[in-house]
Amino acid sequence: MGETDAWTLFTIVLMAGVTVLTRCLFFLSDKPWTLPHWAQRGLQYAPIAALGAVVIPEVVMTQGALIQTWQEPPPVCRGCRCGLVFLAQRRAGHHRHWHGCVPGLAVGPGLGAVKPRSRRSPVACAEPIKAAFIQTRYRVPCRLATGHISYPHAHLNSTRS
Amino acid sequence: MLSLATSPLRIVSMTVSGMAAVVAWALPLKLNIVVAIAVAVTLALIIDAQRTPHTGGGSHG
Numbered sequence: 001m002g003e004t005d006a007w008t009l010f011t012i013v014l015m016a017g018v019t020v021l022t023r024c025l026f027f028l029s030d031k032p033w034t035l036p037h038w039a040q041r042g043l044q045y046a047p048i049a050a051l052g053a054v055v056i057p058e059v060v061m062t063q064g065a066l067i068q069t070w071q072e073p074p075p076v077c078r079g080c081r082c083g084l085v086f087l088a089q090r091r092a093g094h095h096r097h098w099h100g101c102v103p104g105l106a107v108g109p110g111l112g113a114v115k116p117r118s119r120r121s122p123v124a125c126a127e128p129i130k131a132a133f134i135q136t137r138y139r140v141p142c143r144l145a146t147g148h149i150s151y152p153h154a155h156l157n158s159t160r161s
Numbered sequence: 162m163l164s165l166a167t168s169p170l171r172i173v174s175m176t177v178s179g180m181a182a183v184v185a186w187a188l189p190l191k192l193n194i195v196v197a198i199a200v201a202v203t204l205a206l207i208i209d210a211q212r213t214p215h216t217g218g219g220s221h222g
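Just so you know, the sequences run in chain order R and F.
Every letter in the first sequence is one number past the one before it in this note's numbering, and letter 65, counting from 1, is 65.
So the number in this note's numbering is just where the residue sits in the second sequence, counting from 1, plus 161.
Heads up, some of the hints might be wrong.
[To be verified] Some chain R residues flagged as far from chain F (calculated, every beta-carbon gap over 10 Å):
#1 Asp5
#2 Phe10
#3 Met15
#4 Leu35
#5 Gln44
[To be verified] Partner residues are not named here, just some residues of chain F that face chain R (Cβ under 8 Å, in silico):
#6 Leu163
#7 Thr176
#8 Trp186
#9 Leu190
#10 Ala197
#11 Ile198
#12 Ala201
#13 Ala205
#14 Leu206
#15 Ile207
It is worth saying that the hints were derived from the structure and are not from the lab.
Predicted model only: the values in this text are computed from it and were never measured.
Glycine included, every Cβ here is placed at the ideal spot set by N, Cα and C.
Modelling step: build the complete structure from the supplied sequences, incorporating the hints.
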């Protein structure tokens with residue numbers, strides 16, 4: 001412990017050189033340097049390709065394997081819910097995307113806590129989506145801890161009657 | 162991610178990158194992401210070049 005050999009120093013120097021070279025490549029030359037046209041076109045597709053490469057495997061895979069059954073659907077459900085809420089928001093003309101993201105994130109732990117190993121039907125998976133829509137559109141507080149949408153004032157009406 | 166899917170070619174790029182990342186999942190050091198990006202961008206460039214062969218540009222992305 002505490003010893004630094006020559007190989008480690010060489011690795012550090014090499015990494016520093018690579019970092020400096022890649023960051024200073026654009027202004028090392030005196031001539032104006034622009035990307036080729038094909039590279040500029042390719043960079044238009046790079047961000048969404050990077051996001052797809054990171055997000056899609058996390059949604060459709062679990063423990064390094066594709067999801068074979070619906071026994072563990074939370075990643076798929078969360079992805080579908082966020083996508084549907086975003087598309088609904090965009091169709092409705094809302095540009096503040098966090099309106100759709102906040103309910104989706106809020107109900108996510110509830111969905112994961114409800115019967116994580118049980119077989120859930122597509123209808124059950126659609127419940128959080130419905131709750132997210134309701135919460136977003138009508139600002140009705142909903143809770144998914146029990147797997148069902150509950151309205152906070154419902155018990156008051158039942159106790160009065 | 163969906164906010165960037167503003168054209169059919171970008172949707173194709175997203176789908177291809179996701180499929181390639183799943184196929185190349187076994188690669189070490191998260192190289193499946195690099196491979197997926199390279200495959201998706203290359204395919205999008207090829208399709209874009211075939212869609213606009215004579216204009217010399219005019220990307221729809």
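Okay, the hints, checked on the actual structure:
Non-interface call for aspartate 5 of chain R relative to chain F: holds, since the shortest CB-CB distance, roughly 23 Å, exceeds 10 Å. At roughly 20 Å, the least C-beta separation between phenylalanine 10 of chain R and chain F is larger than 10 Å, which holds for a residue marked as non-interface. Listed as outside the interface, methionine 15 of chain R is consistent with that label: its C-beta sits roughly 15 Å from the nearest C-beta of chain F, beyond the 10 Å cut-off. Consistency note on leucine 35 of chain R: stated as away from chain F, and its beta-carbon is indeed over 10 Å from all of that chain's, at 13 Å minimum.
Its beta-carbon lying about 4 Å from the closest one in chain F, glutamine 44 of chain R breaks the requirement of being farther than 10 Å from that chain. The beta carbon of leucine 163 of chain F is positioned within 8 Å of a beta carbon in chain R (closest approach about 5 Å), and the interface hint is therefore held. Given hint, threonine 176 of chain F at the interface with chain R, holds; its Cβ is 7 Å from that chain's nearest Cβ, closer than 8 Å. A cut of 8 Å between beta carbons decides the hint on tryptophan 186 of chain F: the least distance to chain R is about 6 Å, and the hint holds.
Taken as an interface hint, leucine 190 of chain F does not check out: its beta carbon lies about 14 Å from the nearest beta carbon of chain R, beyond 8 Å. For the restraint placing alanine 197 of chain F at the interface with chain R, the shortest Cβ-Cβ distance is roughly 4 Å, inside the 8 Å limit, so the hint holds. The criterion of a C-beta within 8 Å of any C-beta in chain R is met by isoleucine 198 of chain F, whose closest approach is roughly 5 Å, and the hint holds. Taking 8 Å as the C-beta contact cut-off toward chain R, the hint placing alanine 201 of chain F at the interface holds, the least distance being around 4 Å.
Restraint check, alanine 205 of chain F versus chain R: the minimum CB separation of about 4 Å is within 8 Å; hint holds. For leucine 206 of chain F, the interface hint holds, since its Cβ comes within 8 Å of a Cβ in chain R; the closest pair sits about 5 Å apart. Using the Cβ-Cβ criterion of 8 Å, the hint placing isoleucine 207 of chain F at the interface with chain R is not satisfied: the shortest such distance is roughly 10 Å.
The structure does not agree with the numbered hints 5, 9, 15 stated previously, though it agrees with the rest.
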